[in-house]
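Chain E is fixed; fit chain H onto it per the hints.
Number of protein chains: 2
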Amino acid sequence: MAGELVAGVDLGGTKILTVLADRAGQVLARVKVSTHARRGQDYVIDTIVESVHETMRMSGAPAGKISAVGVGAPGPLDPDRGLVFFAPNLGWKNVPLGTIMSERLKLPVYLDNDANLAALGEHVYGAGRDADHMIYITVSTGVGGGLIMDGRVYHGAGGGAGEIGHVTVAPDGPVCNCGNAGCLEAVSSGTAIALRARALVDDGRGAGILAAAGGDAEQVSARSVSVAAVAGDAEAVVILRDAGRYLGIAVAGVINLLNPSAVVLGGGCIQSTAALWDAMLTEVHRRTLESSLAAVRVVRGSLGGDAGALGAVALALERT
Amino acid sequence: MAGELVAGVDLGGTKILTVLADRAGQVLARVKVSTHARRGQDYVIDTIVESVHETMRMSGAPAGKISAVGVGAPGPLDPDRGLVFFAPNLGWKNVPLGTIMSERLKLPVYLDNDANLAALGEHVYGAGRDADHMIYITVSTGVGGGLIMDGRVYHGAGGGAGEIGHVTVAPDGPVCNCGNAGCLEAVSSGTAIALRARALVDDGRGAGILAAAGGDAEQVSARSVSVAAVAGDAEAVVILRDAGRYLGIAVAGVINLLNPSAVVLGGGCIQSTAALWDAMLTEVHRRTLESSLAAVRVVRGSLGGDAGALGAVALALERT
Numbered sequence: 321m322a323g324e325l326v327a328g329v330d331l332g333g334t335k336i337l338t339v340l341a342d343r344a345g346q347v348l349a350r351v352k353v354s355t356h357a358r359r360g361q362d363y364v365i366d367t368i369v370e371s372v373h374e375t376m377r378m379s380g381a382p383a384g385k386i387s388a389v390g391v392g393a394p395g396p397l398d399p400d401r402g403l404v405f406f407a408p409n410l411g412w413k414n415v416p417l418g419t420i421m422s423e424r425l426k427l428p429v430y431l432d433n434d435a436n437l438a439a440l441g442e443h444v445y446g447a448g449r450d451a452d453h454m455i456y457i458t459v460s461t462g463v464g465g466g467l468i469m470d471g472r473v474y475h476g477a478g479g480g481a482g483e484i485g486h487v488t489v490a491p492d493g494p495v496c497n498c499g500n501a502g503c504l505e506a507v508s509s510g511t512a513i514a515l516r517a518r519a520l521v522d523d524g525r526g527a528g529i530l531a532a533a534g535g536d537a538e539q540v541s542a543r544s545v546s547v548a549a550v551a552g553d554a555e556a557v558v559i560l561r562d563a564g565r566y567l568g569i570a571v572a573g574v575i576n577l578l579n580p581s582a583v584v585l586g587g588g589c590i591q592s593t594a595a596l597w598d599a600m601l602t603e604v605h606r607r608t609l610e611s612s613l614a615a616v617r618v619v620r621g622s623l624g625g626d627a628g629a630l631g632a633v634a635l636a637l638e639r640t
Numbered sequence: 321m322a323g324e325l326v327a328g329v330d331l332g333g334t335k336i337l338t339v340l341a342d343r344a345g346q347v348l349a350r351v352k353v354s355t356h357a358r359r360g361q362d363y364v365i366d367t368i369v370e371s372v373h374e375t376m377r378m379s380g381a382p383a384g385k386i387s388a389v390g391v392g393a394p395g396p397l398d399p400d401r402g403l404v405f406f407a408p409n410l411g412w413k414n415v416p417l418g419t420i421m422s423e424r425l426k427l428p429v430y431l432d433n434d435a436n437l438a439a440l441g442e443h444v445y446g447a448g449r450d451a452d453h454m455i456y457i458t459v460s461t462g463v464g465g466g467l468i469m470d471g472r473v474y475h476g477a478g479g480g481a482g483e484i485g486h487v488t489v490a491p492d493g494p495v496c497n498c499g500n501a502g503c504l505e506a507v508s509s510g511t512a513i514a515l516r517a518r519a520l521v522d523d524g525r526g527a528g529i530l531a532a533a534g535g536d537a538e539q540v541s542a543r544s545v546s547v548a549a550v551a552g553d554a555e556a557v558v559i560l561r562d563a564g565r566y567l568g569i570a571v572a573g574v575i576n577l578l579n580p581s582a583v584v585l586g587g588g589c590i591q592s593t594a595a596l597w598d599a600m601l602t603e604v605h606r607r608t609l610e611s612s613l614a615a616v617r618v619v620r621g622s623l624g625g626d627a628g629a630l631g632a633v634a635l636a637l638e639r640t
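Chains as they are written, first to last, in the numbering used here: chain E, 321 to 640; chain H, 321 to 640.
Note that these hints are calculated values from the structure, not bench results.
Just so you know, nobody snuck in bad clues.
Here are some of the chain H residues that sit facing chain E, going by a computed Cβ distance under 7 Å: (1) A477; (2) G480; (3) A481; (4) T488; (5) P491; (6) N500; (7) N576; (8) S611.
Every value quoted in this text rests on a predicted model; they were computed, and no experiment measured them.
Just so you know, even glycine gets a beta-carbon here, dropped at the ideal spot from N, CA and C.
Bound conformation, chain E alone (with noise of 0.2 Å):
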């Protein structure tokens, strides 16, 4: 029978992710292969179309039997048109990415943004099932999120919802890649933990966290951090409980504001220590009315890398 699976792509700005699945959202094939995104747009492109091929082989199905494709792709979109407007990482402006894999594959290919993606991956198949009112925070290299409600992503009036990362949390605080001071982002992203870090190095402290960046400090980073306080070294831990604080804030904000059934937590820096999200843990319970904070549970995501592929397998399931 033709149309039986779907292919979900994450484009990222170093690595593509994409998984061939059914009708129940069943994992058949997956491929990771490198963006290489130097090399130009068409190169890219052609690595996703021949990814989605490669699932296709691996899996043995005939090609009648794919029915759509669902892509999450980084930077601000038009959903509706299949348009990245600007992705940074990947050095796009107005890249029709919709029209153009929908021409080369033949099939009808759905766009989203990728930490919308990340959500209605956690929302359909992982920790935020069941949650048809669920925020996603992903916090590592920077701070993103994607907001479901009524079950559905919700983009807002121009597709720009869900940036949690530019909530100012720290309005006297440190300035943001964006410009403005104290964003999430500028103090709880992992880029925001290794600043500090590198500060306190350069400052001629900071003894364990060198340590765990072997000695170089050009080498110290979000991950040095927690390596460090993972073994108990205090300056480190102290780093992370002020990022899991600010993250508190706004995980208390965005649940007073919007009454969830579920915050969902990813990115590296959730993943790897206790400090950052016990903080959090800490200031969500002091910070949030009673009554919402009885509605929502507050827990890390259970797909890892994989939801933004898996929130492009929703999405084309979703649509067809």
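Relative to the frame of chain E, chain H by itself:
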């Protein structure tokens, strides 16, 4: 023809406003009476029922012409069951207002939170017209809010969405009524403005504000601050600017998070002076992502104190 009219009731702690309107939302009669909450629940419900009858008499419309009643009530409630969980201003706990009114009036009665209905009122008849994604914020004694998403009131998982007054904007700020520190309500409400002004006066400063309160320190209120600011008093202006700054931080946050097409602000503190409004706008322009800022208009409500009752009309019309 039967069922041409609907009534909208805004039940407040001090006043009950009831309007009778036609299907176009045109107001045919309007009754405003004191709530007298201390006289008890039966008295208050009698008053509401009588208000609805009074608007019918005023309009000269026969009883059969009214098809439904919408009611906005304070406090957390269950719109589906028409149940007011808790309304401290009325002294109510678990009052099945919808059922009681429906039995008394022999009409369908639809209930929602007062801030949600003010949001719906401004969306359908006021400054948020044509904005299918709209945030409403009221700044008066407290700070409340309502969310319009895809043209309808968004309730979240448990009916509690919209509580922007309890979003943290000053992590180490003053303690709020809810017990947390630095909620928007604790720094930008009329109560917060009055508290700061009284502290100033108690400290022997704030001469302009004290004069605006007739020289009586006990009478210092948000209104005195506003009057003093309009007269050019520098201390009053600083207080209102600070309140406006935090309001702007919250408004920018919800714009970044929800990408609405309009933010509509109402309540006494919004109408009173330019100082708070201008400081709010400055902060919004500073902290909102460019693409989301371009998509939104931030405006004062146009319905004043009628927003809630007109929202109740819109609710009744939406359901019938």
